[in-house]
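There are 2 protein chains.
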Amino acid sequence: MQPTQRRLANAVRALAMDAVETANSGHPGMPMGMADAATALFTRALKFDPADPSWPDRDRFVLSAGHGSMLIYALLHLCGYERPTMEDIRRFRQLGSPCAGHPENFELPGVECTTGPLGQGLAMAVGMAIAERHLNAVYGDELVDHRTFVIAGDGCLMEGVNHEAAGLAGNLKLGRLIVLWDDNQITIDGSTDLSRNEDVMARHAAMGWHTVECDGMDAGKVAAAIDKAKADPRPSLIRVKTIIGYGAPGKQGTAATHGAALGKAEVEAARKELGLAPEEFTVPPDVLGAWRTAGGRGAADRKAWERRLGASGKRDEFLARMEGKVDDRWLKPYLDALVESPPTVATRKASEMALEVINTAVSSTIGGSADLTGSNNTKTKALQPLTAEDYSGRYIYYGIREFGMAAAMNGMALHGGVIPYGGTFLVFADYCRPAIRLSALQRARVIYVMTHDSIGLGEDGPTHQPVEHLQSLRCMPGLHVYRPADAVETAECWALALQDEGPSVLALSRQNLPPVRLEAADENRCARGAYRLRGAAAERKVILLATGSEVEIALAAAERLEAEGIGADVVSMPSTTVFDAQPAEYRESILPDLSNREVLRVSIEAGTTIGWERYTGLHGLRIGLDGFGASAPAPDLYAHFGLTAEAIATRVLRYLEQREMR
Amino acid sequence: MQPTQRRLANAVRALAMDAVETANSGHPGMPMGMADAATALFTRALKFDPADPSWPDRDRFVLSAGHGSMLIYALLHLCGYERPTMEDIRRFRQLGSPCAGHPENFELPGVECTTGPLGQGLAMAVGMAIAERHLNAVYGDELVDHRTFVIAGDGCLMEGVNHEAAGLAGNLKLGRLIVLWDDNQITIDGSTDLSRNEDVMARHAAMGWHTVECDGMDAGKVAAAIDKAKADPRPSLIRVKTIIGYGAPGKQGTAATHGAALGKAEVEAARKELGLAPEEFTVPPDVLGAWRTAGGRGAADRKAWERRLGASGKRDEFLARMEGKVDDRWLKPYLDALVESPPTVATRKASEMALEVINTAVSSTIGGSADLTGSNNTKTKALQPLTAEDYSGRYIYYGIREFGMAAAMNGMALHGGVIPYGGTFLVFADYCRPAIRLSALQRARVIYVMTHDSIGLGEDGPTHQPVEHLQSLRCMPGLHVYRPADAVETAECWALALQDEGPSVLALSRQNLPPVRLEAADENRCARGAYRLRGAAAERKVILLATGSEVEIALAAAERLEAEGIGADVVSMPSTTVFDAQPAEYRESILPDLSNREVLRVSIEAGTTIGWERYTGLHGLRIGLDGFGASAPAPDLYAHFGLTAEAIATRVLRYLEQREMR
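These protein sequence lines are chains S and Y, in that order. Each residue of the first sequence is one higher than the one before, counting from 1 in UniProt numbering. Each residue of the second sequence is one higher than the one before, counting from 1 in UniProt numbering.
Only chain S is shown next, with the shape it has when bound in the complex:
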């Protein structure tokens, strides 16, 4: 006799309970509440094969309520994935275990994305569903034909990014997206009534979603609801009514089960309640067998898919795209053409020019903007919109949804086969920041095109002028921040961003900038992070370091200093983080004698000066902006804040005199 679905679900409950109890840390309530629903999903609905977790046409599953991580660890183990092993699960939340506190895609195949920061899993799933439909439009049903499933909690639905993600999914009619809402009426603070009186279903209906509800404690009913969702052309929200911590007789249905171990006595009681074996971390053989059978049911599908792939004329192209390979042969001829006739353009325009070439050479890019297309210069001429009517398009009108865009781009990048880039103003990096952090943590190749990157944007004033943003982004581990100075550097930085593991921010000017790179180079000079753009003519007394739009100013300041007999290098520094990663030898060749006070180092960037001591030393000069900007035409602002060649040269000369370095 087959074990019941409830017994299968109880195996999930047992592992969740035991792992949290052993770690004395974690969240048993959600896995125990959603065990029946998850069992329905994994044993009946989800298309996957534990033998090949990276099978491109697998359904994607996102545990948006990432704190319930034991749910997915239990499911992966029971279904027969190589990892996590039972030993991994025993070491839940311990150093070195892939069973981390929250699910991490870089720890375990089968974990599609890193979740925990609430709302973002669902928003990434929207991106996965977009990528799926796009690749389906390009490669057809025979290669791409899968769904994206999400388990989301009340937190995921209350977070603001939910509104943006649901809006995107509704507008793009992502019928392949199915969200199971764990409706347990409990948040950490207590009843959801404390903070919400919303009709969640009606809200989703208002946003173009299909909605359906079911008893979440009955796997059969959940499976039936999933079937309804599959049949509907709209994205679906399934209200899965559950009891948090189900099976723990003294605590179920309360916030007490949410984020702490149940305690020895309660675990004992739950074992009795659920009819479990007395030993920890055990699964009855018949239950494990049934799970493994269910886990194996996708193998035939996968083999059939592989046969189709083998027979497809697009096999090599498809696999190369899924592997994320990017051809950069576009760069050299484009740079040669730029050097041939150097343009004076804003770097946002230079970015568009580079994209015209890139989007032709690299078919996997998908561009977009959070309603600033004409300002971010993200749409190249040949790109057609990606819409509900035509998913083959490669440009997404994300609407005024910066965070939703960023999270969707994470999902697209993690799905694979596409390289997303999207635009907004640099100041609104703040709106995207939680998703940028997940790009970095997950090493997702997402390219943030962030224009209007300083007070140089002018009249829009301090709400729109980034001051702290560049440095704040540079503080984030694993994020590449590029601030190119002209069209050549912009192209080089684009080439780097396309090759980088992990995300990049391109910080681009609104205002026109003259060309500063006038000679052809065989190497991508931006790949060193910083390089000597101009060598001192007179004896070197000063090194001016600048980024982006301030490189022009540094060059002009150097001219003034040289006219006074002061030799001045100019170092262009498009990426501090890339420079930091260079060998000491190279860094010393650019910033020699950092301990030598005979040479004054001066940093110039229209932003906070915090952190520039790393390159100037304490005895150097840091020229920037440590307060908010103002509303005025850009040239007036640069003059007002002392960011002109004249003001800088004067300051440097005065400083040299004071320090008797002149």
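Accuracy of the hints is not assured; some may be wrong.
When chains are identical, the list treats them as one kind, so a pair holds in a single copy or across two.
[Unchecked claim] Cross-link-like lysine to aspartate or glutamate pairs, in silico, EDC-like; alpha carbons within 16 Å at most:
| # | residue 1 | residue 2 |
| --- | --- | --- |
| 1 | LYS173 | ASP199 |
| 2 | LYS272 | ASP193 |
| 3 | LYS241 | ASP328 |
| 4 | LYS173 | ASP193 |
| 5 | LYS272 | ASP636 |
| 6 | LYS541 | GLU564 |
| 7 | LYS314 | GLU559 |
| 8 | LYS314 | GLU142 |
| 9 | LYS241 | ASP199 |
| 10 | LYS303 | ASP145 |
Everything labelled a hint here was simulated from the structure, so no lab data went into it. It should be emphasised that the depicted structure is a prediction, and the values quoted were computed from it without experimental measurement.
Once you've looked at the hints, dock chain Y against the given chain S.
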């Protein structure tokens, strides 16, 4: 004969058009489209008196679609506010004009908050409406009885924070909040259909809002809709159907009017279309007269209110609260008690202990948490929930809405009469960041209680462990970042945050910390930003600088160094930004001989090392964490990442030997 409402509205259109044209920069479309609706609001519905823009019982008006700033400048001028003058308007978007690109509360009385970053104006208005109902519950109708009106665009409604703000308002049944949605069906990228297929009205209805719609080009109909909104006990969304850029015959109804000057020819055509005088910046005398009459209609109300205030027994208390005065006599006895029996507690717990005293001594505080009450320790025993049924409560269950909480707190602080503080995990400062920036720009006294401030939170892992956050927040102008080391420092930092102009972040530990401040002090030592906690016993060779939970480690490392005959100061540095603002003399007394290599400076903070060169110099040592954390018990993580007294002492000794400083 009275001029028609349309002629009044056309005066707004004329000023908006002329100002943008003269600046050759700005957004004419929104003011021209919403001129009739705004005329209805300002001449009929809004309670205000230009003679006293800070009248506490005025209605609050928030232009959430801040790019349409000329709308509010025109309205304030026409209604008879002292500023902006016509000359100010002529200098729209020029350096020094209070008519900045986006409305700034610190530039113009009558501008209640700084808007432009979309969605936040409306979210701040929710906070204003909360503050109003709370103060009404405390002081009664005779002193507090006003409304909050918002003009919001499609951007404000698409942003994620809208979902959080609308959810808060719906749950708290903020019937005094009335939002006019400028439904012009246009965004920057074109038709709203490009990115949205939502039934906005149904969504708001699902969230407990009253909805009503009207023809926005007819002031009478708008006024009628506002009357309906006033009559309903729920928050109201009025769908105001408008034509963007109305009056510009060749461009109205298109995105071309959104964000650029109309151009000379189109302005001329609009003048004819609207029947305006040919000269720029003119208002016909009868129209101006009618506006001034409308602007003056609140004066009697205000005088009546002042009489009521004068007669009220709560006059002095009310005025002191509105002025934001905070008594800090609670601090000294509390510190004395702490020194008497020093507790070993997490600083989040120490914060709760301080709050128990503060919330008794300071009646204007309103606490809350984004669903982490028990973790943030933000609710003190006596605080009752602020709910739709009882607005007199002083604790808000914000739900899983970090950004909405932060924006609401901005609105509460700007409303005046209350001092909001709210909690979340420090890592989720990212979710709040756009609102934290507006706290700083607006100098709003909001106190962010951010707990679990490092890898010290342990098992929840890298998604929940801040690494870059402290330094990223310190980069933000005008934000006070405090990271106290024990219960004494926590109380001192709370006292500072309560007195600060502008916002503060309190970064607090999850884990227990021993007391490090064992002696009574007559001054608030944290007020210097950093101070010498321990002086070297042997000849000083090392200064260890540490913050928060790492001060304990620094002290233990110093002991080890002294045992080796190396004299070591320990400097506790609860606030780098406060320290930076101290006189040079003081800074040198703490970090003497910064140019002297005989003393090694070592920074210790469980976060990014970027920026610490400011205090260590390049020849110092920076001990921290430049990558993401991991999931494990906190002590394991501290050991893994080399953040133990032993590892640090070893590193310092090795470094001294290498540098031949030993």
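Results for each hint:
In the homo-oligomer, the alpha carbons of LYS173 and ASP199 lie at most 16 Å apart only across protomers (15 Å), although the nearest pairing inside one protomer, at 21 Å, exceeds that limit. Within a single copy, LYS272 and ASP193 get their C-alpha atoms no closer than 32 Å, and across copies no closer than 56 Å, so neither meets the 16 Å cut-off. Within a single copy, LYS241 and ASP328 get their C-alpha atoms no closer than 51 Å, and across copies no closer than 49 Å, so neither meets the 16 Å cut-off. In this assembly of identical chains, the alpha carbons of LYS173 and ASP193 lie at most 16 Å apart only when taken from different copies (13 Å versus 31 Å within one copy).
Taking the shortest alpha-carbon separations for LYS272 and ASP636, neither the intra-copy value of 76 Å nor the inter-copy value of 35 Å comes in at or below 16 Å. For the identical chains of this complex, LYS541 and GLU564 are intra-copy neighbours only, at 11 Å inside a copy versus 42 Å across copies, given an alpha-carbon limit of 16 Å. Neither within a single protomer nor between protomers do LYS314 and GLU559 lie at most 16 Å apart by alpha-carbon distance, with minima of 56 Å and 67 Å respectively. For the identical chains of this complex, LYS314 and GLU142 are intra-copy neighbours only, at 11 Å inside a copy versus 76 Å across copies, given an alpha-carbon limit of 16 Å.
In this homomeric assembly, LYS241 and ASP199 come within 16 Å of each other (Cα to Cα) only inside a single copy, at 14 Å, whereas the closest approach across copies is 26 Å. In this assembly of identical chains, LYS303 and ASP145 lie within 16 Å of each other by CA distance solely inside one copy; the values are 15 Å within and 70 Å between copies.
Taken one by one, the earlier hints fail for this structure at numbers 2, 3, 5, 7, listed in ascending order.
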